[in-house]
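Q: Once you have looked at the hints, place chain C on chain W.
Chains as they are written, first to last, in our numbering: chain W, 1 to 257; chain C, 1 to 257.
The set of hints was computed from the structure by calculation and includes no laboratory data.
Careful: at least some of the hints might be erroneous.
So the derived label-pair ranges between C-beta atoms look like this [to be verified]: (1) W:E182 x C:D183: 32 to 42 Å; (2) W:G219 x C:A157: 37 to 47 Å; (3) W:G257 x C:P187: 52 to 62 Å; (4) C:D225 x W:D14: 47 to 57 Å; (5) W:T256 x C:D86: 37 to 47 Å; (6) W:E233 x C:Q3: 32 to 42 Å.
Note that the Cβ used here is the ideal one computed from N, Cα and C, for glycine as well.
Protein chains: 2
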Amino acid sequence: MLQGPDELRAAVDDYLARLSLAPDLGRLQESMRYALESGGKRVRPVLCLAVSEAAGGEVEHVLPAAAAVELVHTFSLVHDDLPALDDDDERRGRPSAHVAFGEGVALLAGDALLAEALRLALTYDDQGVARELTEATLGMIGGQFRDITGDDADLAAVERLKTGKLLAAAVGLGLRAARVPEDEQGPWRTFGDELGLLYQIVDDILDGDGFAERLGMEGARRLADEAAANAHERLAAIPFDTSVLRGLVDELAVRTG
Amino acid sequence: MLQGPDELRAAVDDYLARLSLAPDLGRLQESMRYALESGGKRVRPVLCLAVSEAAGGEVEHVLPAAAAVELVHTFSLVHDDLPALDDDDERRGRPSAHVAFGEGVALLAGDALLAEALRLALTYDDQGVARELTEATLGMIGGQFRDITGDDADLAAVERLKTGKLLAAAVGLGLRAARVPEDEQGPWRTFGDELGLLYQIVDDILDGDGFAERLGMEGARRLADEAAANAHERLAAIPFDTSVLRGLVDELAVRTG
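Pulled out of the complex, with its shape left as it was, chain W reads as follows (with noise of 0.2 Å):
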């Protein structure tokens, strides 16, 4: 019996509650638990799960995997709250990391989030599991990069950098966690590219850019409509339970924030 989004998003959530960080960092702990307990909707660790189980992994063994895709989000998270980069006072109604400790100390956050990840991927004997994830973290921070520099015409491919690169790790680290052949695992992450794109313009959607402004509120609607169909098409192309997943499209396909 599959776990639905909620159970595992209560996994996830008890997992970074019992999770150890290095004890070197000291009361630095604090600020990097600060930002991980914000109440964010653990959109790519449930993901990470819900592809490994459908795949027939176990969710004890993806959970550190998991744990680290959101440790790598959380990281970037704090880092674009900095003045020097967004300059935003509030996340998720809560003042942002360096509000609450102070800017050197969110910076210091952020980098040691990023090593911790790293670790948590470093702990399973199959180190692509480390290489994905530091590649997407790579390419993530490029699209952030191009998007203050406006480096790049390309938005739709700004973004693919930005969002789409994680959530695709986030697919790639379950199918690794559930030991899919790696011969086997193109219709899942093709399933991840659309729904890296769903997740995109629904962002746009929701805050009256990207998309939304090239296209209007119409036009993307119909496109996040059309993203999610392609979805769903690719599920319905594996040959696994695929219903959890199923339900987190659509729920990312109405999501209003």
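A: Coordinates of chain C only, in the frame set by chain W:
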């Protein structure tokens, strides 16, 4: 025939100049290369290469690990120089990365340097390379945190984290790349610890703080001579040609910058 420190330094500089960074990073690479090419003494990678060569390793094989240590060091300098931490406008006589490229770009460049360091470490079959580098990075970040918050009364402990961990990792990665069995690494690693202490005392003598403040200049100088003598003693107990490492100890003991 072992290569001397200058040859090893040239090998490091050459390797770093040719290093390919993730294409996804786009023009962020420029700021990363700027920071990497700041003309430092390459103490950590040269130490890594010298240890590996003395232990029977091939320079070609250890270069990625040595470069990874230097990338972690450079990441920490770029972030340390930011206004949120030390707010240093200059680094080795040139504008710091954030002065040359802006704060946001420097922040992302530091993040990317850390991720690239891990990518290099992950090119080895021995996952211990990436693990040791990650652990050292976490220790270093913990030391920086204690340094800015004054969160630790024990100055020596802070410095052991802040600079000692990465120097020790340089030794450790050199041993791993040379495939020295773990049960034969002890004497080398003890040497690394002594060298880290020496490095730190000389740093404090040059900056007039830390050990120099506590023991006075003469006292600190005596302690440095003692640490150098201890490092030589450790080397004498290692049944390999450690002549290049002896030269490095003497170089570090009398360095003026």
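Q: So, for every hint listed, does it hold in this structure?
A: Taking the hints in turn, this is what the structure says about them:
About 36 Å separates the C-beta atoms of W:E182 and C:D183, a value consistent with the hinted range of 32 to 42 Å. Roughly 60 Å separates the CB atoms of W:G219 and C:A157, a value that falls outside the hinted 37 to 47 Å. For the pair W:G257 and C:P187, the beta carbons lie near 58 Å from each other, so the given range of 52 to 62 Å is met. For C:D225 paired with W:D14, a C-beta distance near 54 Å keeps the hint of 47 to 57 Å intact.
Checking the proposed 37 to 47 Å range against W:T256 and C:D86 shows it holds: the Cβ atoms sit about 43 Å from each other. Between W:E233 and C:Q3 the CB atoms are about 59 Å apart, so this pair departs from the stated range of 32 to 42 Å.
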